[in-house]
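Visitor: So the protein lines, in turn, are chains H and E. For the first sequence, this note's numbering gives the first residue as 1, with consecutive numbering after it. For the second sequence, this note's numbering gives the first residue as 1, with consecutive numbering after it.
Bear in mind the hints are in silico, worked out from the structure with no lab data behind them. All C-beta atoms, glycine included, are put in the ideal place defined by N, C-alpha and C. There may be inaccurate statements among the hints.
As the list claims (entries may be wrong) - Heads up, simulated SDA-like pairs for lysine to any residue below, C-alpha to C-alpha not over 25 Å straight-line:
| # | chain 1 | residue 1 | chain 2 | residue 2 |
| --- | --- | --- | --- | --- |
| 1 | H | Lys351 | E | Asp156 |
| 2 | H | Lys67 | E | Leu435 |
| 3 | E | Lys467 | E | Ala275 |
| 4 | H | Lys147 | E | Lys216 |
| 5 | H | Lys154 | E | Arg200 |
| 6 | H | Lys136 | E | Ala237 |
| 7 | H | Lys136 | H | Lys118 |
| 8 | E | Lys216 | H | Lys351 |
| 9 | E | Lys432 | H | Ile68 |
| 10 | H | Lys342 | E | Arg200 |
| 11 | H | Lys118 | E | Asp429 |
| 12 | H | Lys67 | E | Glu141 |
| 13 | E | Lys188 | H | Glu339 |
| 14 | H | Lys118 | E | Ile426 |
| 15 | H | Lys156 | E | Thr201 |
| 16 | H | Lys346 | E | Lys135 |
| 17 | H | Lys144 | E | Ala237 |
Unchecked claim - Derived CB-CB ranges, DEER-like:
| # | chain 1 | residue 1 | chain 2 | residue 2 | range |
| --- | --- | --- | --- | --- | --- |
| 18 | E | Glu239 | H | Arg177 | 36 to 46 Å |
| 19 | E | Glu225 | H | Glu66 | 37 to 47 Å |
| 20 | E | Ala249 | H | Lys167 | 46 to 56 Å |
| 21 | H | Glu254 | E | Lys211 | 53 to 63 Å |
| 22 | H | Gly279 | E | Glu225 | 16 to 26 Å |
| 23 | E | Leu468 | H | Glu66 | 25 to 35 Å |
| 24 | E | Lys211 | H | Ser71 | 33 to 43 Å |
| 25 | H | Lys214 | E | Met160 | 40 to 50 Å |
| 26 | H | Asp218 | E | Asp429 | 47 to 57 Å |
| 27 | E | Glu225 | H | Lys154 | 26 to 36 Å |
| 28 | H | Glu66 | E | Ala249 | 39 to 49 Å |
| 29 | E | Lys211 | H | Asp159 | 31 to 41 Å |
Stated by the list, open to error - Simulated coverage check for chain H against chain E, where a stretch passes if three residues somewhere in it have a Cβ under 8 Å from a Cβ of chain E:
| # | region |
| --- | --- |
| 30 | 5-16 |
| 31 | 122-128 |
| 32 | 295-308 |
| 33 | 329-336 |
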Amino acid sequence: MKTQDPFKYFRDAIDYELEFVEKEKSRGRKIVGIYCEYTPREIILAAGAIPVCLCGTSNSTVAAAEKILPSNLCPLIKSSFGYFITDSCPFITMSDLIVAETTCDGKKKMYEIMGQRKHVEVLELTQKSDSALSLKHWVDELRKFRKTLEREFKVKITDSDLRRAIKLMNRERALLRKAFDLGMRNPSIVTGLELALIRFRVAGFEKHLEMLEKFISDVEKRGKSRKKPGGPRILLTGCPTGSGSGKVIEIIEECGGVVVVQEACSGIKSVYELTEEKGDPIEAIARRHFHLPCSCLTPNRGRIELIAKLAEDFRPDAVIDLIWQACHTYNVESHIVGEFVKNRLKLPFLKVETDYSPSDREQLKVRISALLEIAGK
Amino acid sequence: MPIQRITSADWDAGIKKIPESFRRDCRYLRSIRKGGVPYLLSPSEYARRGDRLLDRLKFDPSPAALRLWAFIFSEKDRLFLAKENGWKIFAVMKDLGQTPVITYSVPKSLSFYADALWWAPCFAENPRLLDEAEKLGATNELCFVRAALGAFKTLDYFPMPDLCFAGVGSCCDDFSAVMQLIEWQGAKVHWWEIPARHDRTRNNISAKFAKTPFGKTDYPRRAVEFLEKEYKGIVKALEKESGSRITEAMLKDSLCRFNRIRELVRNLREMVYGAEKMPLPGLETLLAEFIGIHACSEPEESVNVLECLTEEVKKRIRGGISPLKGNPVRIYWVTPPTDASLITLLEDSGACIAGSDYMISHSYYPLRTGIHPLNAVAENYMDDLMIGSLEHRAKKIVEEASRFRADGVLITGIFGASHCPFEEKIIGDMIKRELRIPVMSFDVPYSPGRHSEQVVNRMQSFIEVVKLRRKKR
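Bound conformation, chain E alone:
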């Protein structure tokens, strides 16, 4: 039976047809409230609660996808509920995927990425957080992560964390600076340092190098040794804050849980992007990828959400079913778009997302077992494309875009992100040279309530070019 993407209004009607048995399963924080808290609401309900952009998006029509959306958008409710019940709340910042593996070893605690608030102004179609950040010194010349500062001021999205873990070092000067302002506002911060991953060059011949087991990235051993020590500092800070000792066994438990989440995300991504007929729209795949970094403040339910979505994708691949019309051109997307509606626009223009580098690709790789968990987390971090050379990131993008048979590559820069201006041209040049496919890059503007005309024109023209080039091939 053919399916197609639907709107939030369609979901208002469709949600009533979801069986009660399915709805009953969609609950979070069962360990706080007996039976858990139900969260399966229509996107328009979450739009009414503030995330207005949801009314302008198109969604996958499956209950599994609705569960994913509702789970993501109920995160702030979980954080407030946990805080009310005396749980510890930890804000993690900058490293995207690693610190939560450690923080979740603390019982009765939830962790969230304050950086994730960068999407909030676009989803809310409201610049309030940006305005608040501006008043506190983070102006519009900075990346949208400055919204995190506004959120620390308003506390609309999370309660004041008991402790924040701020990573500084190898990348994102803008957010390092914003984190200082967060501390200046009175948040309790534990600072830790992220070493740079140098490539194996002639200048490094005396350094001892190793290779990550899954991403196959060369790294200097001393970077991992350094990182492991920093992680020990995080453990100490957690012990001090929670008043309980964190054992190796506790860390291992957390690592195993994250490995399960990572495995699900990795497999899902491979299935979706590798399929001939795209089984899932780009937005749902993007959200699923982001669950991998911090389990959206609920590791247990994250697994359920991802397993449910995986089943749906498998079913579609078996049946050759896609929610996207015709034979869309395949676009590899580099750097996540601030404005999620651009993905809907891309799909409406006759394309699909076949591969992504949303700067979190290290978080899909498994964490090695059989070694100390902190060593495993540190080793895995060496696969982060943001902490090393741009050339390395560009090569990885080329490899993946080729593997997923991309017809074109779209790079959406983040205005004010300190790493972005350098990257777009270098990555674009390498793709053109190696893959000979069209590339387009632009900085995504903040245009609440509508698309920027320039962006629409460029996106549609780009898709047309990709279509023509595919025909010629």
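So here's chain H without its partners, still in its complex pose:
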């Protein structure tokens, strides 16, 4: 451990993660690349492997992806695919297996192309979240996945292994949730940019958990010394952000607002609920996933319920819906979210559609400043 400052640690987290993954790989541990919150990290951990998130969040690989893919695709897919085809992500190179889910059309087709070069295991995520039949199908997929890992990695995954992994992931998610809940304080004691730092790539990494605890305690200490209130409080919803794709959070905070909560899989959404530690572990894992209200689920009624709950707890002054260009599902749902926010929550609402490039920063600044002006009244 080179630093005890959690903010610096998480800023440089990728270096620690690389070091850790390389070391574990050399010891014979398997590495599993993942692209989505629906991936059952618990099963991967129970198999003794390390799940590493490969989602692309950098604009730098988009151009390479566009040599194969058309430009009218979402930047997350293009960035991820760009890393893949340019072999520029060491985690991809180290991955023994890539696990994917049938979430959106873009990702599904990307996995198909990736599958021509690397072993990609696609789990069929059913999309009717309120259906018992769909849930059963997803449970069966996870059972099949357990067998696949046993076969591929030549291990036996017991229920006890799974329960241990559930406990570990619950600990990780509970800490993340605790950190995100710090945004409830009014005036705010933590910024959206700081909270964005703690979405790391490698799951079940003990050092991360230690530093998360330190992050929480350091931020809590600020509470006592905070004197002046922050700017307008923003609930950011929609597509996920990451290191290199956090420009909207940056702009909000540059303009004087503060992102108190992010309803996205890069924010509180993915850690809002923990996995049941009793009962059939596979069913418990599947059930938790099914409660994640991503726009790839249809109908996705859970998202409105979650936004309502977050609005109650975090008391935002406005809501911003971030849509990555060509992400159809979030784009269309934005209308429903907007109507709900304006008519039911009675809050100002702004839909921001953009990509990873910095070219529209100034335009976004003007729009976001105007929203903050309205929200701050």
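Please build the complex by placing chain E on the supplied structure of chain H, with the hints as guidance.
Guide: Same frame as chain H, now just chain E:
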């Protein structure tokens, strides 16, 4: 006697020469109104009623083809008439070909595909439905199926359905999202899920696979088991809505009726695309293919329309007659064009359509009899090229393009359709590699009242390339 394609104005004059005996047969919904409702009107009449593009197209000159056009364009009249007479109206969405087999087991009901409204703005040469959809959150970054949302708002094209059946799952995120907005507007929706069809790969070695009897597609058995359960949910929803029990016999009757329609479409398609001299223009073949998915809200008359067209095609094949001039190059068309006038443009440029993958090819295959009808519908759905891997779709296209002796392949993408951007290049690459024939792909723009210059230039240049390549061969 030589024939050629004609315009809507030509039909205004020609329609008077159609014998009364033929005209008398062209009637729909005989079970609602005694003797049925006559519908054989000239395309220009339907153009005056709103579908203005009809005045820019070229049509086959036969009464059988006119009957086809008039039947398709009178669909909305049927829907409103049925609703006025107390019939149930069901909107089906996304699966293209399967749910209507089930919904038509309900007596006194009509079903239509709300997705079919994607053509409406182009045919109307009017963006009204798109504008309405935009106001409701479906912007111009989405596929033209967003017009369905606009149509739910305006109710210009259909009355408010008693129940909508919305399929979600394996494909078309854009339309899944649009369907949510349709529900948000107050439409009553029964949601059901379409499982993905995984290929037989090393990752699936533990899964039990089977093969569809007609399309010969590998599928995991559990996908069909899942689908059958979802179809049972549809039956329950129909029973609740209609207040009557749906028996296996009722489902079988509906299945048999659709099998007759599918058989007619399949045979017609084989005859047309397989012929040396193209007996029917591309537009008429396209319309006939689309009757297969939902019988255009009138299964009984659909059969009559298709039988009539089949007779005309047989006659032409026997006589070596074609409405297209010279020896047009043969083009296999992938994904239906939003703008139907592109087919007229292609034919005017010296080509013909010899084969198509309009994303509904599963609906030409017969539904198996001798098993439970819901099982048969589910099994047949596994032949849908949209619910599985792109590689599988591309292979099927290559096979058909080769079988129909295509000289070139045209892929018309749909801007905003979530599956399209990935497909065009992969399909194109496989065709070039396997068949070594020219391929062109482009997204069809919305340009009401005229063709986009870019599209005209590209289409004409492509046809020239195909002609030159054929000469060299």
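Visitor: If a hint holds in the structure, say so; if it doesn't, say that too.
Guide: These are the hints, each one checked on the structure:
{"no.": "1", "hint": "H:Lys351 <-> E:Asp156", "result": "30 Å, violated"}
{"no.": "2", "hint": "H:Lys67 <-> E:Leu435", "result": "23 Å, holds"}
{"no.": "3", "hint": "E:Lys467 <-> E:Ala275", "result": "19 Å, holds"}
{"no.": "4", "hint": "H:Lys147 <-> E:Lys216", "result": "28 Å, violated"}
{"no.": "5", "hint": "H:Lys154 <-> E:Arg200", "result": "22 Å, holds"}
{"no.": "6", "hint": "H:Lys136 <-> E:Ala237", "result": "21 Å, holds"}
{"no.": "7", "hint": "H:Lys136 <-> H:Lys118", "result": "29 Å, violated"}
{"no.": "8", "hint": "E:Lys216 <-> H:Lys351", "result": "46 Å, violated"}
{"no.": "9", "hint": "E:Lys432 <-> H:Ile68", "result": "16 Å, holds"}
{"no.": "10", "hint": "H:Lys342 <-> E:Arg200", "result": "48 Å, violated"}
{"no.": "11", "hint": "H:Lys118 <-> E:Asp429", "result": "20 Å, holds"}
{"no.": "12", "hint": "H:Lys67 <-> E:Glu141", "result": "21 Å, holds"}
{"no.": "13", "hint": "E:Lys188 <-> H:Glu339", "result": "19 Å, holds"}
{"no.": "14", "hint": "H:Lys118 <-> E:Ile426", "result": "18 Å, holds"}
{"no.": "15", "hint": "H:Lys156 <-> E:Thr201", "result": "23 Å, holds"}
{"no.": "16", "hint": "H:Lys346 <-> E:Lys135", "result": "20 Å, holds"}
{"no.": "17", "hint": "H:Lys144 <-> E:Ala237", "result": "32 Å, violated"}
{"no.": "18", "hint": "E:Glu239 <-> H:Arg177: 36 to 46 Å", "result": "44 Å, holds"}
{"no.": "19", "hint": "E:Glu225 <-> H:Glu66: 37 to 47 Å", "result": "41 Å, holds"}
{"no.": "20", "hint": "E:Ala249 <-> H:Lys167: 46 to 56 Å", "result": "55 Å, holds"}
{"no.": "21", "hint": "H:Glu254 <-> E:Lys211: 53 to 63 Å", "result": "59 Å, holds"}
{"no.": "22", "hint": "H:Gly279 <-> E:Glu225: 16 to 26 Å", "result": "25 Å, holds"}
{"no.": "23", "hint": "E:Leu468 <-> H:Glu66: 25 to 35 Å", "result": "31 Å, holds"}
{"no.": "24", "hint": "E:Lys211 <-> H:Ser71: 33 to 43 Å", "result": "39 Å, holds"}
{"no.": "25", "hint": "H:Lys214 <-> E:Met160: 40 to 50 Å", "result": "59 Å, violated"}
{"no.": "26", "hint": "H:Asp218 <-> E:Asp429: 47 to 57 Å", "result": "53 Å, holds"}
{"no.": "27", "hint": "E:Glu225 <-> H:Lys154: 26 to 36 Å", "result": "31 Å, holds"}
{"no.": "28", "hint": "H:Glu66 <-> E:Ala249: 39 to 49 Å", "result": "56 Å, violated"}
{"no.": "29", "hint": "E:Lys211 <-> H:Asp159: 31 to 41 Å", "result": "36 Å, holds"}
{"no.": "30", "hint": "5-16", "result": "violated (count 0)"}
{"no.": "31", "hint": "122-128", "result": "holds (count 5)"}
{"no.": "32", "hint": "295-308", "result": "holds (count 5)"}
{"no.": "33", "hint": "329-336", "result": "holds (count 7)"}
In summary, the numbered hints that this structure violates are 1, 4, 7, 8, 10, 17, 25, 28 and 30.
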